[in-house]
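Colleague: Residue numbers (my numbering), protein chains in the order written: chain S, -7 to 233; chain Z, 78 to 395.
Everything labelled a hint here was simulated from the structure, so no lab data went into it. It cannot be assumed that every hint is accurate.
No farther apart than 25 Å at their CA atoms in a straight line, the calculated lysine to any residue pairs in the SDA-like style are these [to be verified]:
1) Z/K199 with S/I(-6)
2) Z/K161 with S/L229
3) Z/K193 with S/F4
4) Z/K185 with S/T82
5) Z/K199 with S/I9
6) Z/K221 with S/L8
7) Z/K193 with S/Q(-5)
8) Z/K222 with Z/K275
9) Z/K228 with Z/A289
10) Z/K221 with S/Q(-5)
11) Z/K193 with S/N70
12) Z/K222 with S/I9
13) Z/K185 with S/G71
14) S/K69 with Z/K269
15) S/K69 with Z/Y183
16) Z/K228 with Z/Q212
17) Z/K121 with Z/D274
18) S/K69 with S/G22
19) Z/K269 with Z/S227
20) Z/K185 with S/L5
21) Z/K193 with S/R62
22) Z/K222 with S/N2
23) Z/K275 with Z/N203
24) Z/K193 with Z/Q212
Bear in mind that the values here come from a model prediction, so they are computed numbers and not experimental data.
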Amino acid sequence: MIQIFLKEVNEFLDSLIAYITIGVFLTAIGLLLWVFPETSVLDYGYASMETLFAVAPYVFVFLIPAITMRSIAEERKNGTLELLHTLPFTNLDIVLGKFFAGFFLVVFSLIPTIVYYFSINQLGNPPGNLDTSGIVGSYLGLFLLGAAFTSIGIFASSISTNQIVAFVLAAFLSFMLYAGFDSISSINVWADWSTYIDNLGMMAHYESLSRGLIDFIDIVYFLGIVVVMVLLTQMNLGFKR
Amino acid sequence: MIIAFEFERFTVSFFMSIQVSNLFKIYGTQRAVNNLSFEAPRGKITGFLGPNGAGKSTTMKIATGYILPTEGTVTVNGIDVVSKPLDAKRIIGYLPELNPLYLDMYIKEYLRFVAKSYGFNKALVNQKVAEIIEQVGLGVEQKKKIGALSKGYRQRVGLGQALIGDPEVLILDEPTSGLDPNQIVEIREVIKHVSQDKTVILSTHIMQEVEALCDKVVLINKGNLVADESLTSFKKRLTKASGFVLTFESPIEHQILIDAGFNVEKRSDTSFIVDGPAANLRSGIMSVITANDWPLTSLTQAGGSLEEIFQDLTKVES
Chain S
-7 MIQIFLKEVN EFLDSLIAYI TIGVFLTAIG LLLWVFPETS VLDYGYASME TLFAVAPYVF
53 VFLIPAITMR SIAEERKNGT LELLHTLPFT NLDIVLGKFF AGFFLVVFSL IPTIVYYFSI
113 NQLGNPPGNL DTSGIVGSYL GLFLLGAAFT SIGIFASSIS TNQIVAFVLA AFLSFMLYAG
173 FDSISSINVW ADWSTYIDNL GMMAHYESLS RGLIDFIDIV YFLGIVVVMV LLTQMNLGFK
233 R
Chain Z
78 MIIAFEFERF TVSFFMSIQV SNLFKIYGTQ RAVNNLSFEA PRGKITGFLG PNGAGKSTTM
138 KIATGYILPT EGTVTVNGID VVSKPLDAKR IIGYLPELNP LYLDMYIKEY LRFVAKSYGF
198 NKALVNQKVA EIIEQVGLGV EQKKKIGALS KGYRQRVGLG QALIGDPEVL ILDEPTSGLD
258 PNQIVEIREV IKHVSQDKTV ILSTHIMQEV EALCDKVVLI NKGNLVADES LTSFKKRLTK
318 ASGFVLTFES PIEHQILIDA GFNVEKRSDT SFIVDGPAAN LRSGIMSVIT ANDWPLTSLT
378 QAGGSLEEIF QDLTKVES
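Working from the sequences, and respecting the hints, build out all of it.
Modeller: Have a look at this one:
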């Protein structure tokens, strides 16, 4: 597994994928947080990182599928998947190696934003007047969300040899799982069950973590999605032969 | 009795390192591999022949564990590739047909990646990479990216990939396809050199290659086994064929030849194998041809080459 992970990370670093992804993510977040008047902290008047945590999931919906779309689809198309399959790797090695490489990139794109915590911390009046536990929870939520999106992306990539198909499918699935259930739950017809429907989606769990209350259930929910997606991908690799 | 049984199993797995038994691969209604059984002995090179689409690659992919058989088993040194894929993969080196490679990787990076997959430690990995680069003749190009290499060198990288795990069994799917004549000779040398203590099975449809390399021939057509024998007995089929192959520009009335006392085997409307009493066979045939004014385009000795056995055994039966 570790060999596949290293190979994938090397590929990210060799190609422009890593730099573009991290660059675009940080630029977008930076602009929203500091420059654009509608969302900027400076105009908002409160020392809060709310903007980052509200916007990052939507950026992830597009960015993570872009990272993962090639991972298996390209190897299948080029025939190199046959190499991986005939070397002493298990299907799980291949899937986990690719998953962790994608997740590694997601983590790396998030780490620089921790700097914002310290800047906004200084902006508070008095300095340090910041909801630290909420921020820690939000970061945990973002990492878990990133992991879930990555696993969805890898799964989508294992379905088709076409990267565009993989991208669109991953973005759609990620979006529906993140925001879809929240919107569906607000339809009046099933008003009685709206909490349950809401809880099926990622947004409810992400927001619960953002409040700084780190609930075991929320962590299990995200890890559950990762496990299911990884297993589905592994099965898919096994079936298609 | 138990001892005898164990002994038998031991000898079988020892001498027959690849054993294909009653193998089927069915795609929908198409039988890509149809009840195929053969063995590839250790220390020998087995040539796996057949026309395109005969099921050679499918069989090899099953043997490497990449695709699953519909029915039947393949064992490699006694290890079943379906039930123990990981153990089997550790002792198999495989060069796939179109030689897929990571074009963005450097040669050494790629070979290191493959070597590590076998669980070698760092020192051994470096030693193996250096050895393989030497062995397959990549020395001059070793600093390049794979994408920058010519086809011949890419093929060497692919072969190096197959060899680096020090596999006991080598499965090479058309290792020399698309190479120039010099490169073919060089690659064959490498294969011959490494084959001494390994089991090698290679697919090809180049007959000279079989003659130059193989000890044993397995010929399949449309998924069915056609011949499974040593190269010498395969070649003996040559002497069986005698007479001449006649090819005409347009169809002829071959009954006339039969009436003239020749044995005629019809290959197509315009091509026949004609045999008869040894004395004056050629002039006898020629006189019939000139008498009837047939448009002869060629007249060659039958059974002249391995190609002919190949064509003979795999021709489309109508």
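Colleague: Between the alpha carbons of Z/K275 and Z/N203, is the straight-line distance 25 Å or under?
Modeller: Status holds; Cα separation ~23 Å.
Colleague: Holds or violated: Z/K121 and Z/D274, Cα atoms, limit 25 Å.
Modeller: holds, 8 Å
Colleague: Can you confirm whether the C-alpha distance between Z/K193 and S/Q(-5) stays at or below 25 Å?
Modeller: holds, 7 Å
Colleague: Can the restraint linking Z/K193 and S/N70 be considered satisfied, given a maximum Cα separation of 25 Å?
Modeller: holds, 22 Å
Colleague: Can you confirm whether the C-alpha distance between Z/K221 and S/Q(-5) stays at or below 25 Å?
Modeller: Distance of about 21 Å is within 25 Å: holds.
Colleague: For the pair we were handed, Z/K193 and S/F4, check the Cα-Cα distance against 25 Å.
Modeller: With a Cα-Cα distance of about 20 Å, the restraint between Z/K193 and S/F4 holds, given a limit of 25 Å.
Colleague: Assess, step by step, whether the Cα of Z/K222 is no farther than 25 Å from the Cα of S/I9, and give holds or violated.
Modeller: Holds. Z/K222 to S/I9 sits at ~19 Å (cutoff 25 Å).
Colleague: Keeping to a limit of 25 Å between CA atoms, is the pair of Z/K193 and Z/Q212 held or broken?
Modeller: Within the cut-off at roughly 19 Å; holds.
Colleague: Holds or violated: Z/K228 with Z/A289, Cα cutoff 25 Å?
Modeller: Cα-Cα ~22 Å, so holds.
Colleague: Hinted pair, alpha-carbon criterion (25 Å max): Z/K199, S/I(-6). Please report holds or violated.
Modeller: holds, 14 Å
Colleague: For the pair supplied as a hint, Z/K185 and S/G71, confirm whether the alpha-carbon distance does not exceed 25 Å.
Modeller: holds, 20 Å
Colleague: Are Z/K193 and S/R62 close enough, with their CA atoms no more than 25 Å apart?
Modeller: Holds, at roughly 23 Å.
Hints 5, 8, 14 and 18 from the list above are not met by this structure, while the remaining hints are.
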